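Q: Generate the whole structure from the sequences, applying the supplied hints.
Chains as they are written, first to last, in our numbering: chain Z, 1 to 290; chain L, 1001 to 1346.
To be clear, the hints were calculated from the coordinates, so they are not data collected in a lab. Be a bit skeptical, because a hint or two may be false.
Stated by the list, open to error - Some but not every residue of chain L turned toward chain Z, in silico, with C-beta under 7 Å:
1. Ile-1029
2. Arg-1059
3. Asp-1061
4. Val-1183
5. Leu-1185
6. Glu-1254
Owing to the predicted nature of the structure, the values given are computational and were not obtained by experimental measurement. Glycine included, every Cβ here is placed at the ideal spot set by N, Cα and C.
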Amino acid sequence: MDAPGPVSSWSDQELVQLAATLRRGMPWRQALSAVAQPSASDQRSEHRPDDACGNWLWLVDLARWERALDVQGGIGTMTAALARHFTSVHYVDASRPPLQFARARFSEDRSANVACAQAGSGALPYRNATFDCVVWNVALGRGVPGVALVDSPAVLAAVLTECRRVLRPGGCLYLGIATGPVPGSVLPAGRILSALVRMVVRATMQVRRVERLAVARAIPRQLRAAGFARVQAFYIDPSFQQPSSIIPARRRAVLAYERLQMTSARRRRWLAWLSLHPVLFECHMFLAYV
Amino acid sequence: MKHELHELLVAADRAGNLTRDIPEDGILIVENYGAIPPAVRRSGCYVWNRGFNVVLLGRDDAPRYFCKCRPIADGNLERETAVLRALNSDPELCTIVPRASGARDGEVQLQLNEFVPGWLYERALPRLTEFAWVESMAQILSVARMVSRRATNLLPSLLTTPTPAPAPLCVAAANALRELGAVGLAADVLQGLERALARAGAIPPLLQHGDLWPGNVLWHHGSWRLLDFEVFGIVQTPLYDACHFVRNCWTLREPRVAATTTWVARLASDARDAELCRRTILTEARHLGLAATQAAGVLAYYVVDATAQLIRRGTPQVAWAPLMREVLAAGELLRGGAALRLLDPL
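A: Okay, here's the thing in structure tokens:
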């Protein structure tokens, strides 16, 4: 599970490129802009230094705000957010390129309260009850096609138990699970090929929706099995990279949110009304308390 | 929710109902613009689109309160809360502007409002008949006019120019024109705009909402309510709100035309939608005691000022380019002395 692989929405190749660019002495923000593909730059908002991805922390009820851990921290976006709320933050990632990038980033930003280390999420190099908050964001392949939810129960059980172990009593685990972006249109293709692709995409979308229902039901169960006492579920809309809204995963709360939206999507409201709201959102967030 | 946020909400809740009404997990984050605390602390400098908004849900998960959360350095929230409190204390305005209260600590500030259910005008607008559109615009502009007039009495400290001797419009727009010149607006276009502004002369100040667009207008229990007073009173040129409102209404109703032409160029055409826009602006100008030349001057001032504001905030060019096209169109039309044609009543 901790083998080098796609550890964020950045591919392995891009992360290696990022690390190489940094070694040449380029500042980390410039390196991100240089490596990001222009066509994908709008989706790659995670490189923005002041994004809103850490505002979920205002939903967390913690007695102490001293030590936090970012498991599988990628390029360090969430670590940076945690560093503004906690006295001390630890970043770990099993893969070397993102770790090099994170080290350069936090050294350049003079973030004195961030420490980076190479470690797998299945064997965290910390003693029991060390942290007030542990973050495992975009867990299980972070929505990378072909990787999501492969043997997920085993991965989850191992990592959640480990996260639970390093949390102090009263501490909180943030678990973010993406069920994967739905592919858009395939442009340079003939009519027949496009039609076939659309059929496959539609089938994939249905599978993903069913997958979302499964995530919403299975994850709280697994969190409790790992020893967490209280679990709160939320949806993040539209994505972890652009978390415009954070919605409690309850029927009436989702209905209230849908009413606030500009689009009058009746189908969405019907699904919410039927308590099938997990299918409406790609990004599921869980706060689990010890 | 974070203890600090809970404490602030309780402090802002002067009626003391919040703790009873809102469960610990009854919080829905919407419009999550930027991190609190911000990544870089820049005290004293207004930062656009920071912080997030929250809808507080009751025990039945129905929305009860709307709350704006901003970093402590954001100067607009406290100002807006003070404006809302002053306006809401007026018996005529208490049904138009939301009741608000505020609280702050060393890291975050918030503004708590009662949640007002209703239909945003933005949502209804594309489906309205022509008659209903014109009628509703007139009603909303009349509400905004009443707020502006009452506010000028309730908040005299917001007025930056004395009423008896207001500055000419071309003087008020001088900085904005300079800023547009700095980003490459041609000298002859600037001259055309300056001439139109000079023709308008001096206009007595009137506090404007500043962001009156259909997304900030709510239909609630049979009457119109105005939302988002963050920049209220910063613009003090009468008819500015009307220009902004009519332009945005037109863009929402005529998205295909808006994709190919500017509103200002359209306004000078014989198209039916243009005639309705012109009529609405000129009717409002009459209510405000402005002549057609003055209205044309305010229109030029509006496109110039709105564009300069966006540039000043450091927004990317893609955001202000459409407004710049409006400026170019206005300059183009006004250069040939067509000031009256722009808002010529048919």
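Q: Run every hint past the structure and note whether it holds.
A: Structure-based check of all given hints:
| no. | hint | result |
| --- | --- | --- |
| 1 | Ile-1029 | 4 Å, holds |
| 2 | Arg-1059 | 10 Å, violated |
| 3 | Asp-1061 | 3 Å, holds |
| 4 | Val-1183 | 22 Å, violated |
| 5 | Leu-1185 | 28 Å, violated |
| 6 | Glu-1254 | 18 Å, violated |
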